[in-house]
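Student: Residue numbers (numbering that gives the first Met the number 0), protein chains in the order written: chain A, 0 to 413; chain B, 0 to 413.
To be clear, the hints were calculated from the coordinates, so they are not data collected in a lab. Heads up, none of these hints are tricks.
If chains are identical, the list can't say which one is meant, so a pair holds when it fits in one copy or spans any two.
Derived pair list, reagent style EDC-like, types lysine to aspartate or glutamate, alpha-carbon separation capped at 20 Å:
(1) Lys55 / Glu16
(2) Lys262 / Glu313
(3) Lys55 / Asp14
(4) Lys109 / Glu219
Keep in mind the model is a prediction, meaning the values are calculated, not measured.
Protein chains: 2
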Amino acid sequence: MALIVQKYGGTSVADLERIRAVCDRVAATVAQGHRVVVVLSAMSGETDRLVALGQKLSARPSPREMDLLLSSGERITVALLAIALDAAGIRARALTGRQAGIYTDTAHTKARIERIETATLTRLLDEGGVPVVAGFQGIVEEGGDSRVSTLGRGGSDTTAVALAAALNADVCEIYTDVDGIYTADPRIVSDARKIQRISFDEILELANLGAKVLHVRSVELAKKFNVPVHVRSSFSEAEGSWVVQGDAAMEQVVVSGIAYSQKEARVTVRGIPDRPGIAAQLFGALATAGVAVDMIVQSVGAAGHASISFTIPETDVQQANDTVAGLKEEMAIAAIEVDPAIAKVSIVGLGMQSHTGVAAKMFETLRAEGINILMISTSEIRISCIIARDQMATAVRALHTAFGLAVAPALVGR
Amino acid sequence: MALIVQKYGGTSVADLERIRAVCDRVAATVAQGHRVVVVLSAMSGETDRLVALGQKLSARPSPREMDLLLSSGERITVALLAIALDAAGIRARALTGRQAGIYTDTAHTKARIERIETATLTRLLDEGGVPVVAGFQGIVEEGGDSRVSTLGRGGSDTTAVALAAALNADVCEIYTDVDGIYTADPRIVSDARKIQRISFDEILELANLGAKVLHVRSVELAKKFNVPVHVRSSFSEAEGSWVVQGDAAMEQVVVSGIAYSQKEARVTVRGIPDRPGIAAQLFGALATAGVAVDMIVQSVGAAGHASISFTIPETDVQQANDTVAGLKEEMAIAAIEVDPAIAKVSIVGLGMQSHTGVAAKMFETLRAEGINILMISTSEIRISCIIARDQMATAVRALHTAFGLAVAPALVGR
Numbered sequence: 000m001a002l003i004v005q006k007y008g009g010t011s012v013a014d015l016e017r018i019r020a021v022c023d024r025v026a027a028t029v030a031q032g033h034r035v036v037v038v039l040s041a042m043s044g045e046t047d048r049l050v051a052l053g054q055k056l057s058a059r060p061s062p063r064e065m066d067l068l069l070s071s072g073e074r075i076t077v078a079l080l081a082i083a084l085d086a087a088g089i090r091a092r093a094l095t096g097r098q099a100g101i102y103t104d105t106a107h108t109k110a111r112i113e114r115i116e117t118a119t120l121t122r123l124l125d126e127g128g129v130p131v132v133a134g135f136q137g138i139v140e141e142g143g144d145s146r147v148s149t150l151g152r153g154g155s156d157t158t159a160v161a162l163a164a165a166l167n168a169d170v171c172e173i174y175t176d177v178d179g180i181y182t183a184d185p186r187i188v189s190d191a192r193k194i195q196r197i198s199f200d201e202i203l204e205l206a207n208l209g210a211k212v213l214h215v216r217s218v219e220l221a222k223k224f225n226v227p228v229h230v231r232s233s234f235s236e237a238e239g240s241w242v243v244q245g246d247a248a249m250e251q252v253v254v255s256g257i258a259y260s261q262k263e264a265r266v267t268v269r270g271i272p273d274r275p276g277i278a279a280q281l282f283g284a285l286a287t288a289g290v291a292v293d294m295i296v297q298s299v300g301a302a303g304h305a306s307i308s309f310t311i312p313e314t315d316v317q318q319a320n321d322t323v324a325g326l327k328e329e330m331a332i333a334a335i336e337v338d339p340a341i342a343k344v345s346i347v348g349l350g351m352q353s354h355t356g357v358a359a360k361m362f363e364t365l366r367a368e369g370i371n372i373l374m375i376s377t378s379e380i381r382i383s384c385i386i387a388r389d390q391m392a393t394a395v396r397a398l399h400t401a402f403g404l405a406v407a408p409a410l411v412g413r
Numbered sequence: 000m001a002l003i004v005q006k007y008g009g010t011s012v013a014d015l016e017r018i019r020a021v022c023d024r025v026a027a028t029v030a031q032g033h034r035v036v037v038v039l040s041a042m043s044g045e046t047d048r049l050v051a052l053g054q055k056l057s058a059r060p061s062p063r064e065m066d067l068l069l070s071s072g073e074r075i076t077v078a079l080l081a082i083a084l085d086a087a088g089i090r091a092r093a094l095t096g097r098q099a100g101i102y103t104d105t106a107h108t109k110a111r112i113e114r115i116e117t118a119t120l121t122r123l124l125d126e127g128g129v130p131v132v133a134g135f136q137g138i139v140e141e142g143g144d145s146r147v148s149t150l151g152r153g154g155s156d157t158t159a160v161a162l163a164a165a166l167n168a169d170v171c172e173i174y175t176d177v178d179g180i181y182t183a184d185p186r187i188v189s190d191a192r193k194i195q196r197i198s199f200d201e202i203l204e205l206a207n208l209g210a211k212v213l214h215v216r217s218v219e220l221a222k223k224f225n226v227p228v229h230v231r232s233s234f235s236e237a238e239g240s241w242v243v244q245g246d247a248a249m250e251q252v253v254v255s256g257i258a259y260s261q262k263e264a265r266v267t268v269r270g271i272p273d274r275p276g277i278a279a280q281l282f283g284a285l286a287t288a289g290v291a292v293d294m295i296v297q298s299v300g301a302a303g304h305a306s307i308s309f310t311i312p313e314t315d316v317q318q319a320n321d322t323v324a325g326l327k328e329e330m331a332i333a334a335i336e337v338d339p340a341i342a343k344v345s346i347v348g349l350g351m352q353s354h355t356g357v358a359a360k361m362f363e364t365l366r367a368e369g370i371n372i373l374m375i376s377t378s379e380i381r382i383s384c385i386i387a388r389d390q391m392a393t394a395v396r397a398l399h400t401a402f403g404l405a406v407a408p409a410l411v412g413r
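One chain only, chain A, in its complex shape:
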């Protein structure tokens, strides 16, 4: 008998038929003798719909009001699943983030979980019940006030892993509309292959880079608390991909997967006098404004003037632009350019740590396809290149072939 946290994403609760299917799966897990905590997203498309409504009413909707708006979607799905489970004779109880004891910081629309008070959850579990928890939301207490907060996109994964960690669950199952994690996006690479087992570090890089299966913060949490995560499809019974601590066997594979992201933009700030502290000033202001900067390239041009390029999420373009524009006089900035037509293509693998020539092979593969590299960044287990967005698919396919990912590695498996 295990304690299992099951998280179902938006497509898994998209309509009543899908909710009934989730109900059946939860009931089957309970029938096997396991204790289950369910975490749900909003119906697919609902959060986007709500965001669009808010944005149509205001160019800069208050994050606090947006959180109230966005948190409604999960309330609907958890209530519906609890009703379905009740009807199936399973003692279920829908819980909002508040009721599940999920406390966050005050960063509305992208809050971080600070603590989880598990008293209600453990009481329900001890009574033989199935808590059905609204993902993506928590509460924030400030000045005697208590408001709903949301964890940002993919926040339901974070809720699920955080609950699994807090409850010391045996596994956190992430149910989605794909049957696991692939070596590359199967919509782009026809011979992409399902990965059976991958390390937290690798999936962290993949998630960071826009592979949409798992939210990056959830993987960070899973790694920190060593929560085994099983990513699988709610549409089938097939085994999915396990995300676990890295081990030696995994390192035999040089590159585990190819990721891409098309949701970033490149901002270039030109003609800043090249003096110490300009980067600190610029990125300090962006950090204060809550803009998440990814890659940074600084180059010194003619006459002691520098230019700085950096990438940010597309959604932060307005905020970044305003922030930098606010510094224009103070920093003597000559020009600000925004290029939204970029993509980031990355190769990720634990084995890169012990292999050489991986970067050279990546650059050569892109060159052979006539693809210009605009920016480069690396970590111990990842190399990323910013390229023109219209060359993204070509790049991913070429890299998938170049690193032999279509062939299942002999040493990986369970």
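Let chain A serve as the given structure and place chain B on it in line with the hints.
Tutor: This is chain B only, laid out in the frame that chain A set:
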């Protein structure tokens, strides 16, 4: 400078365009120097949609989970209006029932407000802000637990009047899609006339009888705390109908309005041994089951057997049927019949207290149309008849003409 509570119903917040119109009206009221508290319903159709989802998953969805489900609609509209007001430069703040300090009893899906803690509301008003409160919902505290509750259909009116009472507001404006209260339903009676001024008692009878403009509990509250209510259209600037304390001038009008209801069913329990206590036993059980019984007629048939007919809301038919069926052996009930094809037609007027022959005129009017009266009930200011549902429109038109309602009374006006 007045303190005004403005409540906007579902059709007034049905889409972004309508929400912008509400935003404009609130802004105009603020610009006139008034302090404003806004109460909103869910977008029209949303609550029905959510109820249908819950009912498709379970024949008897848990009221607690239904409340979580149903309370999501108002969270969306209040967040959206607060965002729109913010964008218009009005300092607004969306509040859930919890945040507005609305505490209810534990009767989920039809909870009653027990108290309102106005600290947050008054603080916001004192700061020059506009609180935008989710109608229809509150919270219930039980056993260390705190859950959302809903007030039942039309509960947003109740929220608005309760807040107006708690804040000692000058007026509670109820914005809807009709421009006031009519002498009869204009869809049925072509020469129905807008009432300029009507008493709490009269509107209470009309609301009870299915006139849909104001929720009955909101009128009870308005009467109790003497909150003037102004029912008006959010689609025009025209003056609506004022609901106020009754006065002598009003009593010159014998009948103020004709109401009807088609949302009830008649249950007949036949062949009960006619002994003392049978009514107490039957209606005690129905009350325990939460079935709201309206009219009751008891008749003694042959051989000391009684039969009891009573009317209940259509939505309670299943519950009533189960409850009575559960008493079948114990009470030796011979048969239970349910007739859903009934309608209730009523005439209402403060002036009936001081006029005679009103009932006789009503019965004669129905007889002249060949309409059979199945049940009768009366109050000091109302006479209601249960008739076949397919004769309802004929009855309402005939009564409207018979009591001269198309002609504006000389003494009523403001």
